[in-house]
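Visitor: Chain A is fixed; fit chain B onto it per the hints.
Protein chains: 2
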Amino acid sequence: MRKEFLLIPGPTPIPPQVAMAMATEMMNHRGPRFKTLLEELTASLKEVFQTEGRLYILTASGTGAMEAAIVNFVSPGQRIISLTNGSFGDRFAAISEAYGIEVERIASDWGCPLNYQALEDALKADRDKKISAITVVHNESSTGMMNNLALISKIRGDHPALLIVDTVSSMGAVDIPVDRWGIDVCLTASQKALMLPPGLAIISASERAWAAREKTSNSKFYFSLEKAQQFLEIGQTPFTPALSQMVAMQKGLELYFEEGREGVYSRHRRMAKAVRAAARALGLELLVDDQYASMTVTAIIKPPRLDVSQLRSTMRSRFGVEIAGGQGKLSEKIFRFGHLGATVEMDMIVGIAALEMSLSILGHPVELGSGVKAAEEALLEG
Amino acid sequence: MRKEFLLIPGPTPIPPQVAMAMATEMMNHRGPRFKTLLEELTASLKEVFQTEGRLYILTASGTGAMEAAIVNFVSPGQRIISLTNGSFGDRFAAISEAYGIEVERIASDWGCPLNYQALEDALKADRDKKISAITVVHNESSTGMMNNLALISKIRGDHPALLIVDTVSSMGAVDIPVDRWGIDVCLTASQKALMLPPGLAIISASERAWAAREKTSNSKFYFSLEKAQQFLEIGQTPFTPALSQMVAMQKGLELYFEEGREGVYSRHRRMAKAVRAAARALGLELLVDDQYASMTVTAIIKPPRLDVSQLRSTMRSRFGVEIAGGQGKLSEKIFRFGHLGATVEMDMIVGIAALEMSLSILGHPVELGSGVKAAEEALLEG
Chain A
8 MRKEFLLIPG
18 PTPIPPQVAM
28 AMATEMMNHR
38 GPRFKTLLEE
48 LTASLKEVFQ
58 TEGRLYILTA
68 SGTGAMEAAI
78 VNFVSPGQRI
88 ISLTNGSFGD
98 RFAAISEAYG
108 IEVERIASDW
118 GCPLNYQALE
128 DALKADRDKK
138 ISAITVVHNE
148 SSTGMMNNLA
158 LISKIRGDHP
168 ALLIVDTVSS
178 MGAVDIPVDR
188 WGIDVCLTAS
198 QKALMLPPGL
208 AIISASERAW
218 AAREKTSNSK
228 FYFSLEKAQQ
238 FLEIGQTPFT
248 PALSQMVAMQ
258 KGLELYFEEG
268 REGVYSRHRR
278 MAKAVRAAAR
288 ALGLELLVDD
298 QYASMTVTAI
308 IKPPRLDVSQ
318 LRSTMRSRFG
328 VEIAGGQGKL
338 SEKIFRFGHL
348 GATVEMDMIV
358 GIAALEMSLS
368 ILGHPVELGS
378 GVKAAEEALL
388 EG
Chain B
8 MRKEFLLIPG
18 PTPIPPQVAM
28 AMATEMMNHR
38 GPRFKTLLEE
48 LTASLKEVFQ
58 TEGRLYILTA
68 SGTGAMEAAI
78 VNFVSPGQRI
88 ISLTNGSFGD
98 RFAAISEAYG
108 IEVERIASDW
118 GCPLNYQALE
128 DALKADRDKK
138 ISAITVVHNE
148 SSTGMMNNLA
158 LISKIRGDHP
168 ALLIVDTVSS
178 MGAVDIPVDR
188 WGIDVCLTAS
198 QKALMLPPGL
208 AIISASERAW
218 AAREKTSNSK
228 FYFSLEKAQQ
238 FLEIGQTPFT
248 PALSQMVAMQ
258 KGLELYFEEG
268 REGVYSRHRR
278 MAKAVRAAAR
288 ALGLELLVDD
298 QYASMTVTAI
308 IKPPRLDVSQ
318 LRSTMRSRFG
328 VEIAGGQGKL
338 SEKIFRFGHL
348 GATVEMDMIV
358 GIAALEMSLS
368 ILGHPVELGS
378 GVKAAEEALL
388 EG
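Taken in sequence, the protein lines are chains A and B. The first sequence runs 8 to 389 under the working numbering. The second sequence runs 8 to 389 under the working numbering.
So here's chain A without its partners, still in its complex pose:
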């Protein structure tokens, strides 16, 4: 008997009730039942996003919503600032450039905090208000870094640049008050904190963003939010949506609100704390300082003489535990624990136990049980 523990930063495990809801029969996506479903989901997701602005559900993965966030709100030739300190920050810049936008990158090393000062300087220097948007990835899951959105929002102040934020791996898991922080465009995907299978993306827009959209000339069709809005008004989507995921989303959001926003946030904080404490107890180094630590994914620097692929395959084959390696330039330098979505404290115990036993198997000096002990202490501390 083999049991699998999926501890990657998404897709996350899904609750059995959500899995069963996926086994739905089909319905007419232009009929009354779908209208009710779409309206309920939209309203619930606005609560998750803490927004009273506009919100749309797209049939795509998170990157599709990133593209929607660019093509609907920025025109070719316009200037934007792309804050980046990881793989997904770079992706935002790459999408913008693919659509003819002039991108000023404010880049920090992967695993290092964003250069907030440079953002402040750039906005101050922009006397003609030529910078039309700032893109940022809130939770850089490639490094386990959570960027400081509240601070970015404060720095943006009354500069007219739209604040466009990717919260793919954080929305729902931590407190992101979209309206209060003045986030103009915010996007996420289904397979992360929302505990759903991949295939749906969600995007919100402030009225300021919506007004800017009207003047945007970028090429788009499938990701046109103007079409999404037109159809939402009659309880439909412009194109056939991923119906099963939407039915399952209703179940997922029901479970989410049963636990409550604060409950979910606190569970993610505790899981992050346990993993970090365990890694330290095992003598492993964390990529990111505690003050910038992600609540949904933790990157651990591989010790010398340890092979990341070997560690992952040992954890997978011997204990059924799937963790992630690094991405891009960090690919053989770190490994990552995902702790989001339908994962709980005891999954972290499993993951850490598998880690310490696998390190031992691979000849890395480790005191068995010491990681789990530290995790337990962290969990009991609350």
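Since the list can't tell identical chains apart, any single copy or any two copies may satisfy a pair.
Below are the EDC-like pairs computed for lysine to aspartate or glutamate, each with C-alpha atoms no more than 20 Å apart in a straight line: (1) 42 - 11; (2) 258 - 54; (3) 137 - 127; (4) 222 - 104; (5) 234 - 104; (6) 258 - 32; (7) 10 - 32; (8) 380 - 292; (9) 234 - 97; (10) 161 - 128.
Hints were generated in silico from the structure; no laboratory data involved. On a predicted model such as this, the values are computed, not experimentally measured, just so you know.
Guide: Structure of chain B alone, referenced to chain A:
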């Protein structure tokens, strides 16, 4: 006890085995299990498409694949011919225009055959070979018209224009030998003849198309097939795919090949024939001549003094049968029976019985049982 019969041109019903397969647990989309799944699906879909060319699975609905078919193969400023005689043909033209392409529409009235002669004339007149592509929707589900792909392929001849074909509502249901007909780019979606929930689109590309792609300058990111190819080579997709749908697709394709391509084609032919015979027996007029009749959707012209919405809501509320109305300019003029995907002969009997009883309820003169009788005769004829 209420039982629903979904007889719209997609999403179609899905077999219970496919529904149950949707209730899958999640997996690492960058791991070995997914690699095997992706490779198996790609190989099976190439059999459905009858192609040895390239083929990619996208997380999007069919319109996403239409956009992919344009942005990867045609550049802004290039000229294309858009053949159109319905809502989806118009959509292909609209997507092309949204991406800066110069579109020459060869348009026929909705429900009328394409103007093949005009295509022939346009290609002959194009001595400098400036027309870089021809777009066409094979099965125009807005009207129940099946366009003549073999003829278009013949007319294209050795003109270098790429033949880009939407087979969203026909691929798998009727014989479309992609390679033999020289279709350069062919696309479909999961929720039609393949009997799967919506959320996946599929696109193939010939080597000629692939060579053209290298010189294409259009803006794209999420729908970049270059990225799809790069990741397919390592058994992955560029972005997190709709995993549940892909697991279910394996089951759906297994059922598809159990019935066999010829078996599936013949089932669709018989269903179409039964619906058409029944409509005629009920004194109703068909929108499209038999010689152009779609095998997957049949459009019936509403009789005078009958309200389409009322007919549909009677069929839905009294008998659990969901049919489609018209789209766009035909919205109150026709109603449509979908007969594709996981629908069988007996579903047509149900649909026709519901139609004749609803017509009777609504005061339309009709001989009860006469539609069903004609359908039965057609089915027994084979």
